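Participant: Single-letter residue listing:
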Amino acid sequence: MKIVYTGEKDSRQYKSVIPQVIDKVMQADDKVVWLDADLMGCSGTKGSYGKSDRYINCGIAESNMAGIAAGLAASGLKPYAHSFGPFVSRRCFDQVFLSAGYANNPITMVGTDPGITAAFNGGTHMPFEDVALYRCIPGAIICDCTDVPMLESFLTQAKDLPGVKYIRVGRKDSRQVYEDGTQFTVGKGNVVRDGKDAVIVASGIMVHEALQAAKKLAEEGIDVAVIDPFTIKPLDEELIRTYAEKTGKVVSAENHNRIGGLTSAVEHALIGMPVKFGYVAVEDEFGEVGPQDYLRTRYDLTDEHIVNVIKGM
Amino acid sequence: MTLEEKKELQKFALQIRIATIECIKSRGFGHVGGSLSIADTLAVLYKRIMNYDPKDPGLETRDKLVCSKGHAGPAVYGTLALCGFIPYEQLYTLNQPATKLPSHCDRTLPGIDCTTGSLGQGTSQAVGIALGDKLQGRDCRTFLITGDGELNEGQCWEAAMFAAGKKLNNLVWIADWNKRQLDGSLEEILPQFDLAEKFKAFGFDTVTVAGDDVEGLYEALSRRSEDKPIAVVLDSVKGRGVKAVEESAGNHSMNVAPEVFDEWLKELRDKLAEMG
Ligand SMILES: Cc1ncc(C[n+]2csc(CCOP(=O)(O)OP(=O)(O)O)c2C)c(N)n1
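Sequence lines, in order, name chains A and B. Using our numbering, the first residue of the first sequence is number 1, and each one after it goes up by one. Using our numbering, the first residue of the second sequence is number 1001, and each one after it goes up by one.
To be clear, the hints were calculated from the coordinates, so they are not data collected in a lab. Note that the structure is a prediction, hence the values are computed from the model and not measured. Yeah, the Cβ is synthetic: ideal placement off N, Cα and C, and Gly gets one too. Errors might be hidden in some of the hints.
Pairs of lysine-lysine, DSS-like flavour, derived with a Cα cap of 27 Å [unchecked claim]:
no., chain 1, residue 1, chain 2, residue 2
1, A, Lys46, B, Lys1243
2, B, Lys1179, A, Lys51
3, A, Lys46, B, Lys1266
The calculated label-pair distances, taken between Cβ atoms and stated as ranges, are [what the hints assert, rightly or not]:
no., chain 1, residue 1, chain 2, residue 2, range
4, A, Glu219, B, Glu1247, 54 to 62 Å
5, A, Lys196, B, Asn1255, 46 to 54 Å
6, A, Gly47, B, Asn1051, 47 to 55 Å
7, B, Asn1255, A, Ser75, 49 to 57 Å
8, A, Met273, B, Pro1057, 48 to 56 Å
9, B, Asp1139, A, Gly71, 44 to 52 Å
10, A, Asp180, B, Asn1255, 46 to 54 Å
11, B, Pro1057, A, Phe286, 16 to 24 Å
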């Protein structure tokens, strides 16, 4: 795995990548179908609608869509279903939990605009709890997407993975961390940067913040590692424990409520270890509207905050 | 209704459209189409139908408005500003940090009776408010506005079944049948067949009225029933009142240059001036 991170924005927007990948996946596998809930314009799949009957618009009915996805899976197909993060998690949770999870109908749910990236859509559209919900579905596989190569790799393999899969991903900007074509493995974390004084376990947009924090700390002679878990569930606990032992200080960083997401998962992985633990996450609060930059400071999801947490340990 | 009264409503609807566009212009983008399509309804409701006091927005016996298509917030905010609930300048805080005017209606703002944005959820809440008013012996009504795309949500029909089943004749359900949702027309995304017949079958006293016919709206919204909730199907146009918006295929959420907003505003102001 090669790290190509520069901190610059990727010229490719996620919503232009999603339809390309799904088209490819469909070509390779005629069982694949894409469901959307009147948000094809947002997943970038609108251009494919009407051209192929494997792109299905369910209208604004996310619980129905999740149930239909489960039914399609029962009939032998491999469904992906998209809406904004809150609507493919909270809004249809019981259908995902029972019709798909419990009944063992494999589906892949794609939730766009995670956490503060929901920006101008405001608090009603800003999921800080989607990972928590999916984490308590037995066997679920959860990815907080870091960059375009990760999105490609996750979407490409999701169709053949068992159970419920969930990816939360932006629609627009990202910062490339991994080389194009990188293959990610479920349950296997990536050491994005090595270090010996502390380790930051970061996912999604917080990987960039973590790398910026590590850079700032390096200028002060503090050598910090950054781990991106790829999947929050299953979590690469072994890798995290290895780095915890090596550095003695662990900080989680996530664009999500500190309850139930990456922070909880990492904390759980460290049970019984004599290490210091801190977190950078949304406190127990609801979302609100505003530019993403404003929300970033409003919820303290910044590189400076990571720096301060590490220094305060 | 006298010609003078009709004109007054039409002028008020134009003022709401202007306030809506000014509100959205302040941020540079927003849900233009679905806001404009309910301007005439809001004009009739707030000028002639609803009982409220802007100085006492929490008055228990007031008529309530639930804009379940929460993304039409700018039209509601514009109306509230014109009716004295909030200062007009507050419209320019749309989606700014720490604002009370987010894209989708939030009940921290005086005059907003229900927090909405997750489509479908306003319906059950409106039904709950209407039931609560009845149980507490209040003689007031709840006006619920939903989109037509929004009616894809099953929750809407659960709410409808309950409202009719419990004889909530203090609920008026306004369905903005502008024939479009986000990804395209209802026909392309999910055909709804006969909406008015659906409401009738669910037990509503149902009328269909042109979305910009203020006289027809006044009659429809004045309707009372002994034992049924009222449904008003608005035969409307998404983006109504600004030609370029009506004609634009992608008029759900629009992001245009300030000059374009200014052209729209000019069109509306010219119409207003023509009316004298
Ligand atoms: C539960 C839910 N799903 C999806 C959305 C995203 N969304 C916002 S507006 C909209 C289309 C609404 O169409 P319609 O109800 O017809 O409103 P109108 O055309 O009058 O604006 C969608 C899909 C949402 N706000 N809530």
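Participant: Now look at each hint and say whether the structure bears it out.
Facilitator: Results of checking the hints against the structure:
no.: 1; hint: A:Lys46 to B:Lys1243; in the structure: holds, 25 Å
no.: 2; hint: B:Lys1179 to A:Lys51; in the structure: holds, 22 Å
no.: 3; hint: A:Lys46 to B:Lys1266; in the structure: violated, 33 Å
no.: 4; hint: A:Glu219 to B:Glu1247: 54 to 62 Å; in the structure: holds, 56 Å
no.: 5; hint: A:Lys196 to B:Asn1255: 46 to 54 Å; in the structure: holds, 47 Å
no.: 6; hint: A:Gly47 to B:Asn1051: 47 to 55 Å; in the structure: holds, 49 Å
no.: 7; hint: B:Asn1255 to A:Ser75: 49 to 57 Å; in the structure: violated, 40 Å
no.: 8; hint: A:Met273 to B:Pro1057: 48 to 56 Å; in the structure: holds, 54 Å
no.: 9; hint: B:Asp1139 to A:Gly71: 44 to 52 Å; in the structure: holds, 47 Å
no.: 10; hint: A:Asp180 to B:Asn1255: 46 to 54 Å; in the structure: violated, 30 Å
no.: 11; hint: B:Pro1057 to A:Phe286: 16 to 24 Å; in the structure: holds, 22 Å
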